Amino acid sequence: MNAEATRPWLHGLLELCLLGLLGAQRDYGLSLSGRLADAGLGDVPGGTLYPALLRLETTGLVRSQREPSTSGPPRKYFELTEDGRDALEGLRAEWRTFSRSINTVLGAEARR
Amino acid sequence: MSDWSANFRHALTERGLDPARIDQLDCDALEQAADHGLAPEQVFGPATVYADRVARALRCPAAAPLPAQGEPGCALRLTGVSKRYGRRQVLRDVSLEVREGELVAVVGANGCGKSTLLQICAGTIRPSSGTVERVAHVGYVPQTGGTAELLTPVEHFQLFAAARSDSRGRGVAIGTQLATSLGWRPPASQPAGQLSGGTRQKLNVVLGELSRPDLLLLDEPYQGFDYGAYVDLWAQIDRWRETGAAVLIVTHMLGELHRVDRVVELDAPKDC
Amino acid sequence: MQAVAIARATVQGLLRRRSALLMLVALPLAFYLARRNIPSSAIVVLALGVGWAVSTLALFSTVSALQLDRRLRVAGFTSRAIVCGRLVAVVLVGLVLSSVYTALAVLDQDVDRVGGVALMMLCAVAVGAPLGMSIGLLLRSELEGALALLIVLATQFMTNPERLLAHCLPLWSVRGVADWAIWSGDSADLSNGLAHGVGTVVVLLVIITGASAFRLRIHPPDRVLRTGTQPALDRLL
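Protein chains in written order, with the numbering used here: chain A, 1 to 112; chain B, 113 to 384; chain C, 385 to 621.
Each hint should be verified, as a subset may be incorrect.
Unchecked claim - What follows is a set of in silico ranges between Cβ atoms, one per label pair, in the way DEER data are often shown: (1) B:Glu183 x A:Val105: 55 to 61 Å; (2) A:Arg63 x B:Arg374: 36 to 42 Å; (3) A:Thr97 x B:Gly305: 52 to 58 Å; (4) A:Gly12 x B:Thr243: 43 to 49 Å; (5) B:Thr191 x C:Arg610: 16 to 22 Å; (6) A:Thr58 x B:Gly198: 52 to 58 Å.
Just so you know, the hints here were simulated from the structure itself, not pulled from any lab data. Computed from a prediction, not measured in an experiment: that's the story for all the values here. Quick reminder that beta carbons are idealized off the backbone N, C-alpha and C, glycines included.
Based on the sequences and whatever the hints tell you, model everything.
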């Protein structure tokens, strides 16, 4: 995947992706980073990932909890709040419409 | 590792966060880095940059904007305003309107009279022709000469608070809070003349909004701002709009014009 | 009160210019030391030096604040508050200076009328402050203002006080009161001196009122619009 083209797109969508991941399962920073990489979105640096999580927390869509971990220092786990779930639903629908429009504009090729 | 941590803490202090919060953030960062099994520098990048991002992430407006109260009234209206100095025509027949909650940008080439227009809006210059209508409570952020070189930021707050009979303590409290929104903590004993250009300009902006005016006039407000301060200022402008203040901004930097409600362009100066 | 805030800010700013303050304090002392061997003359030049220092202080604090003053006007300060506040601040600093120097004169010289010396100093301060401020408002430049002040005050120094020219210069009241305090004791001299002082102060205040109304004017809008939203100070707090 060409990181140069997709990095700016990912920057705009990072919070949406995090909402999606947390919607599926509560998680901590390192693991979220791994799940993004597994999904093919490349390596999101900590300097971008953690402030995004902080922003979600400040706007009330996500809450965090410290939990002692068996292997190493305590970890900060993130999970969606009620507002977060509502926001995720709404954004999912918006994304569906938006990506459909982009696909239309790019032509049939893009839909593969 | 301790160096990164010290830089991080220092940068957060500069941005006006309180010590308890800074401890918590530093602790989190070190734990998260330990999780990744790398040094904080490698996970988060340079401490000052990361601190900037973290501080801004914490400043997102959490409160919902005030509900719109019917048709927004007009806060500023210029009709057919012209200004000439002798034979030199600086402004020709300019009309514009700024309603409550709106952001209007004035753009144009150098020397086309943008600052003069703003001074006419503020009332320090009289137009040669045309009418000016505005609200009573105006905040003005001039391009130069807006701050006193020998006064500290806190002394500025105390002085400007007296303009509308606010108590000095309240002025300082509000001023410090507004400074924090721009990512800045007023240093205790440095007079404005010794502040860096960008910080002094932040003081300039805070003084303009100190009394929570209904109309804000900004003349090239981001001189000397780094990218972080520039972003903070636009976030602050959005907050003003949400509370119903009208904002008129003179600007060279055309990058953020998509956030603006309307753009007024002034003609380039003609040789008379 | 607005004027109080302006006065406070002026004093805070003045106290930060340490080296300038030091030199202004030294100015009267230098004059005094130059004429110390001629006692009657020494006190006069001491008082004139105080007047010189105070007017220079007033000039520079006025000129350096011109741009800020405009902004303060837009922020809601009245020009009366700005002028009064600044004048009061400079006069206060002048009074401190003059009390120190009155004490010096009384201790160092053999003075009959201590009250007279104090009165001379008072004239110097009361005339010097508005003198510096009016020059600052009229000329708006530090260099030109300082030169104008220099012309006026140096001429005052060097002119024979009997001449008409001396009577036309602002600090003549110091000399007039000195005639009474140090030499003659003739109360006509005292009333002449004080009359000149009062008259000069009145003229200077008229000039200041006119110049500040012009320099610090805010043109009111053709129509004042009303807003429908909440009072400003409650927003977001």
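Verification of the supplied hints:
| no. | hint | in the structure |
| --- | --- | --- |
| 1 | B:Glu183 x A:Val105: 55 to 61 Å | 37 Å, violated |
| 2 | A:Arg63 x B:Arg374: 36 to 42 Å | 40 Å, holds |
| 3 | A:Thr97 x B:Gly305: 52 to 58 Å | 55 Å, holds |
| 4 | A:Gly12 x B:Thr243: 43 to 49 Å | 44 Å, holds |
| 5 | B:Thr191 x C:Arg610: 16 to 22 Å | 18 Å, holds |
| 6 | A:Thr58 x B:Gly198: 52 to 58 Å | 55 Å, holds |
In terms of the numbered hints stated before, the structure departs from hint 1 and from no other.
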